[in-house]
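The hints should help you fit chain B onto chain A, whose structure is shown.
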Amino acid sequence: MGITAAAARDEFQEELVIRPLHSGDIYASFQFRTLWDTDFLQEGQKVSHYRLFPKSLGQVLSKFSVRELHISFTQGFWRTMQWGQPFIPSPPGAELWVWFHDTVSDVDGNWKELTNVLSGIFCASLNFIDLTNTVQPSASFKPLGLGNATDHRFLRYATLPREIVCTENLTPWKKLLPCGSKAGLAVLLKSEKLFHSSFHSQAVHIRPVCQHKNGLDFAKILDAPSFCIHLCINCYLHLFTEWSLFKMFSRTLTEACPLATSSKVYVDITDNPEGELFELSPATPLLSQAVVLGDRRTYSVFDLTRAETFGQLRSLNLLLRWKGDGGEMLRPLLHAERYVAGFGLQTGEIHTVIYNNHPYRAFPVLLMDSVPWYLQLYIHTLTVTSKSRDNKPSYIHYQPAKDRHRPHLLEMLIQLPPHSMTEVTVQFERALLKWTEYTPDPNHGFYVGSSVVSALVPSMVAMSTNFTQDQPLFSSFVPVKEESSYFVRVYTEPLLVNLPTPDFSMPYNVICLTCTVVAVGYGSFYNLLTRTFQVDEPSLPLAKRLANLIRRIRGVPLLT
Amino acid sequence: MAAPLTLLLIVAVTIRAVLFRSSLAELISARVEVVSPLNAWKRVVEGLALLDLGVSPYSGDVFHETPLMIYLFHFTVDYAEIVFIVSAYFFRKQKYALESDRYSADCLELLRSPKEMFYIPLKVAMFYLLNPFTILSCVAKSTCGLNNAIIALFIFCTLKGSALLSGILLALATYQSIYPLTLFAPALLFFLQRLYIPVNLRRSSFWFFTLQYAFMYVGSLVVITGLSFFLLGSWDFIPSVYGFIFSVPDLTPNIGLFWYFFAEMFEHFRLFFSCVFQFNVFFYTIPLSIKLKEHPVFLIFMQIAIISIFKSYPTVGDVALYMAFLPAWSHLYRFLRNIFLVSCVLLACSALFPVLWHLWIYAGSANSNFYYAITLLFNFGQVKVFTTTWLTNCEWKNRWRNKVSLFINLY
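Protein chains in written order, with my numbering: chain A, 1 to 560; chain B, 1001 to 1411.
The shape of chain A in the complex, shown without the other chains:
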């Protein structure tokens, strides 16, 4: 099953990055990338032979003319301030954004079918995605792969903050890998340990890239793009002072995936140059340096394609023992929070707070908010303040919601002053819904998806714009266009908002009572419209009437 370099049309790479943090926590990021020289959308050429690229997704791409697909399932919320920036961020719940090809005529129809098909592939309830929670961001989600046409009519974005991730979602995800969960790094993905983490996210990113062989520049566009599918799992585990692969994942590594051209484990040892903070065993002579998220990091590399990595026991069980305490984490330069203010069930305010921790550089950020229609935003109450002064956004794109049809979309370009906190406030009113529109547990509340803050953050270290084969996958996920800044996307917390509820046991009673009041009105009207008034003589008592009867017979005048 060897892969000859000359006739290679697809290749598969896998890697695991482990970043130990000072508090004994571990950030583990698995990345599996398949690169395939093919064009799904070419006319007349139906792709039928799939080798490393998952067939289910390939068929989905060609059927719905998808150019880029990004889907992620996340359990937990990434605490940027404590844990740093993740390599590939994702919001809590499920998130799906797709760029369709220009040739698609009915994007909404394709989107609806695509969500249903994906919901079947991933065993998730993505079929809840419909027009009431889909938006078309105009600036926030530019294509990550190749593409010059950026008409945002072909972009669709939706989140399901309430979606839960569990073993059922992990199993079909693992099936997309060429080796499955039988060989390579994927053997570590056992659900009983994986879901014990504080944060777990699994994602699939498919995009067209240009063919790169032997260090071609990313910017060169060739005629036939390749498709790159990137599967990644991020998880964040709390552990004690000593951890090992076995303790973390209840497995050790025994071999690389035979189909992979490269299979590596990177352990971040930047904070531990002399070995005073922790001790890593088995020791490895391989070292790698990379600039990741504006920071130069050093990694110990374990190459699983080499037999000597596994040692005598033929299994690799990384062991890390903490020696000292401390180690300052680099403070992330961009950070955002969001919360709901106000009391009662009538009105409220959404506050989004964005922190710029750069000591002297200001940079603009793009804030995107998608609020469901039942929270009616009032855009005239939008205020943006930085350092207690008004900060007017230079670009505002606002699409108001249509009841029961589409949500609000608010996108703003805000310039953040250096070392400051910017607060964005907007008021909203809560609507009373029809009783069938509430979820079975209406007092739990309604979720509002995370805001997305996207920015090009100025980098302290010069980034490299050349892409080479040797660079780790995680450092090249987002294309770097210029040396002095790197792209960062921060997701805020989702919100949980209570709405006023009607009494669900009362439909029949309400109909009866309201119709009663209307009927009282109608009845009174009918009465007064058809009533005639007549003069009525007062009736005589019985005795007088009998007397009158006799008088009539006699012909004498009557009594009154």
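These are calculated hints, taken from the structure and not from any lab test.
Ideal Cβ placement from N, Cα and C applies to all residues, glycine included.
Keep in mind that the hints are not guaranteed to be accurate.
[To be verified] Quick list of the computed label-pair ranges, beta carbon to beta carbon: (1) A/Val340 <-> B/Pro1249: 21 to 27 Å; (2) B/Gly1226 <-> A/Thr436: 39 to 45 Å; (3) A/Ser250 <-> B/Arg1270: 51 to 57 Å; (4) B/Pro1239 <-> A/Pro417: 51 to 57 Å.
[What the hints assert, rightly or not] Straight-line distance between alpha carbons at most 20 Å, and here's what the computed EDC-like set of lysine to aspartate or glutamate pairs gives: (5) A/Lys142 <-> A/Glu482; (6) A/Lys387 <-> A/Glu423; (7) A/Lys402 <-> A/Asp108; (8) A/Lys402 <-> B/Asp1236; (9) A/Lys434 <-> B/Glu1267; (10) A/Lys392 <-> B/Asp1052; (11) A/Lys323 <-> A/Asp268; (12) A/Lys182 <-> A/Asp303; (13) A/Lys392 <-> A/Glu423.
Below, chain B without anything else, positioned relative to chain A:
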């Protein structure tokens, strides 16, 4: 007459000005009893902000005012408070003129002493200007006040006998909210009565005048709608304004009967009951016109009362409109049955509305049924007010005609 009226005006304007400047203004603007999604000031400001952002105000579901209203406020937004006080003043003027005009029409009713009749315009003015409902509506800057002013101007022009102006103003009122369409019939009857044209379907003079008036009305309506189209550039406002009034998609609680009914409606029957409820407003026009064709002013009162109770988004401003008419029939006070009970019901409900709203929305200890119950009772009380007035009017007329006491079937 001028002196007490001026004094009244000064007092009314002072109260409104004081409340505008106090912190209560914001509180009152947020009350659901006073503002509705159709006429809230917050939504007018939101519509103007959307217009500034370059987005059509009708692309969302927040703004439901007519285009002429946006453009009116576009220029006067800073002076909004003054606009509302001025409209209240106009209303006053029309009401006063209305009453002074009715003298000639009703001088046969000698049961009223001249002294009583002299004070009626002042009482009407007082009933409207000093009515807490009107004051709340004005301070909240609800556009209901402007609607009331247009209807009052329409009544004034009708009573003065100017058919063209009356047609134009009625078209404007209909353009604002569809329901004043039903006021076409009483206005027509009034003109026919004034011109001594008998209401006989076989007479050509009747049809001639009817067509004239209808043409003026429909023509003005078409002109106003066309003007809105040209100002806005699209027909978006029609589903947003009139579609919204008829289909009632927004279920924000108010003092009417629609919101909870449609919140708890079975999906299958939604269309049916929407049609029934809307039909209920328009349906009484023909029978009432037939019954009250000799008393068109009373018919106007009845129609306004029906609209205020059964419209899709009523507010207390609409209630104040028909309540202002009540002193015009002050001769009926002696004969009104249950008036104490009904007024107590209305007062108690008005006091309980904010209490139960607070308990439901803020304290969380009550639920929506409490507020709904008070809504039911309030509307029941309102129905009783005007059916009692009507009943007493019928009785009094008959009594006057027959000059005898009579026994009336209990209902």
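Which numbered hints fail: 4
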